[in-house]
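Colleague: Please put together the full structure from these sequences, using the hints given.
Okay, here's what each chain looks like letter by letter:
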Amino acid sequence: MTGPVDTGLAFYRQVLELRAYRQQVLTGDIANASTPGFKAVDLDFREALSAATADASTLGTSQQSGLAWLVEDPRHLRPGGDDLPRGATAAVKYQVGTPVTLDGNSVDLNQEKVAAAENAVQYEAAAGFASQVIKMLAVAINGSGSQQSSGA
Amino acid sequence: MTLFTAFAIAGSGMAAESERLSAVASNIANANSVVTSSGAAYRAREVVFKAVSIDDGSQDPFAVGMAGVRVAGVVESAAPLRTVYDPSSTFADANGYVTMPNVNPVEEMVNMISAQQDYQANLEAFNVAKSLALRTLTI
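Sequence lines, in order, name chains A and B.
If you're matching positions, the first sequence starts at 1 in the numbering used here and goes up one per residue.
If you're matching positions, the second sequence starts at 1 in the numbering used here and goes up one per residue.
Careful, some of the hints might be misleading.
[To be verified] With the Cβ distance kept under 8 angstroms, some of the chain B side facing chain A (calculated, not the full set):
| hint | residue |
| --- | --- |
| 1 | A6 |
| 2 | A23 |
| 3 | K50 |
| 4 | A51 |
| 5 | V69 |
| 6 | T83 |
| 7 | Y85 |
| 8 | P87 |
| 9 | I139 |
[Stated by the list, open to error] Derived, one-sided and incomplete: chain A residues facing chain B with beta-carbon distance under 10 angstroms:
| hint | residue |
| --- | --- |
| 10 | A20 |
| 11 | G28 |
| 12 | V41 |
| 13 | F45 |
| 14 | L84 |
| 15 | E112 |
| 16 | A127 |
| 17 | A130 |
If you are wondering where the hints come from, they were derived from the structure by calculation, not from laboratory data.
Backbone N, C-alpha and C define an ideal beta-carbon position, used for all residues, glycine too.
Modeller: This is the structure in structure tokens:
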């Protein structure tokens, strides 16, 4: 979606997608807590987000999905696809400094749980901000917010 | 959606851990099985985990960020079988020794606790992903 109406929303879309991706990465670590030779990974969120937002033109228009829709005009709507923002997979890195067990596994279960909980809170925060942006737009459209404040 | 992949990963972890728990239960149940269907004494079994890509089940174990887990196989313990002197037993050899399973109860208990903890961690990760997905619906 482009245009003045979604100002700010595209950014939160990137944030939410990256937070969900980090949750997936951490879940993968937890699932492999007993897999011999597995090395724990984590998403460098700062790097992923700056890579996603570096090219402003990619905001809100993630890479085209494989599905081809029959459109007669290039301005027609297409599926946005739920692919990850650009550079997200490149920001997944091996965790360093975690203890490695005898079978070569480097997953620290407690650390993973803490990271997953922290990431969940960050996700909730981003979702809350996105809600506020939508409410703000609703106020701008309806004008109901100003009426309420003058009445109060 | 990325969160649904997290569901699949946590689910694969829970499935693998419960299989590990089954192996522990089997070992404890057969700690005194002198004879199995093969005729020899029971040997302790252990599951081996393997990281797999959750998307297409491909064999690349370190496809970053996509790693679910799967039971790659069940191996029998190579520990020496115990021998007990019991000449009255039907299964005693010429010298009066009976070959007993190589199940180590302490090892099995530790393995069980570890499997339980890992299962709980997977369940927690699953619940967090679920609450995030529900939160997304209320944006």
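Colleague: If a hint holds in the structure, say so; if it does not, say that too.
Modeller: Hints and how they fare:
With a least beta-carbon distance of about 4 angstroms to chain A, the hint placing A6 of chain B at the interface is held under the 8 angstroms criterion. Of the supplied interface hints, the one on A23 of chain B is violated, with its beta-carbon coming no nearer than about 12 angstroms to a beta-carbon of chain A, more than 8 angstroms. Evaluation of the K50 of chain B hint against chain A yields a held restraint, the C-beta minimum of about 6 angstroms falling below 8 angstroms. Given the 8 angstroms rule on beta carbons, the hint for A51 of chain B holds: about 5 angstroms separates it from the nearest Cβ of chain A.
With a cut of 8 angstroms, the hint placing V69 of chain B at the interface with chain A holds, because the nearest CB-to-CB distance is about 5 angstroms. For the restraint placing T83 of chain B at the interface with chain A, the shortest Cβ-Cβ distance is roughly 29 angstroms, beyond the 8 angstroms limit, so the hint is violated. Taking 8 angstroms as the C-beta contact cut-off toward chain A, the hint placing Y85 of chain B at the interface is violated, the least distance being around 35 angstroms. Checking P87 of chain B against chain A: minimum C-beta separation of about 41 angstroms lies over 8 angstroms; hint violated.
The interface hint given for I139 of chain B is met, as the beta carbon of that residue sits about 5 angstroms from the closest beta carbon of chain A, less than 8 angstroms. This hint holds: A20 of chain A has a C-beta 4 angstroms from the nearest C-beta of chain B, less than the 10 angstroms allowed. For G28 of chain A, the suggested interface contact is upheld, since its CB lies about 4 angstroms from the closest CB of chain B, less than 10 angstroms. For the restraint placing V41 of chain A at the interface with chain B, the shortest Cβ-Cβ distance is roughly 6 angstroms, inside the 10 angstroms limit, so the hint holds.
Using the Cβ-Cβ criterion of 10 angstroms, the hint placing F45 of chain A at the interface with chain B is not satisfied: the shortest such distance is roughly 13 angstroms. Interface hint at L84 of chain A: satisfied, since its Cβ lies 7 angstroms from the closest Cβ of chain B, which is below the 10 angstroms cut-off. Given the 10 angstroms rule on beta carbons, the hint for E112 of chain A holds: about 7 angstroms separates it from the nearest Cβ of chain B. Given hint, A127 of chain A at the interface with chain B, holds; its Cβ is 5 angstroms from that chain's nearest Cβ, closer than 10 angstroms.
The beta carbon of A130 of chain A comes within 5 angstroms of a beta carbon in chain B, closer than 10 angstroms, and the hint placing it at the interface holds.
Violated hints for the displayed structure, listed by number in ascending order: 2, 6, 7, 8, 13.
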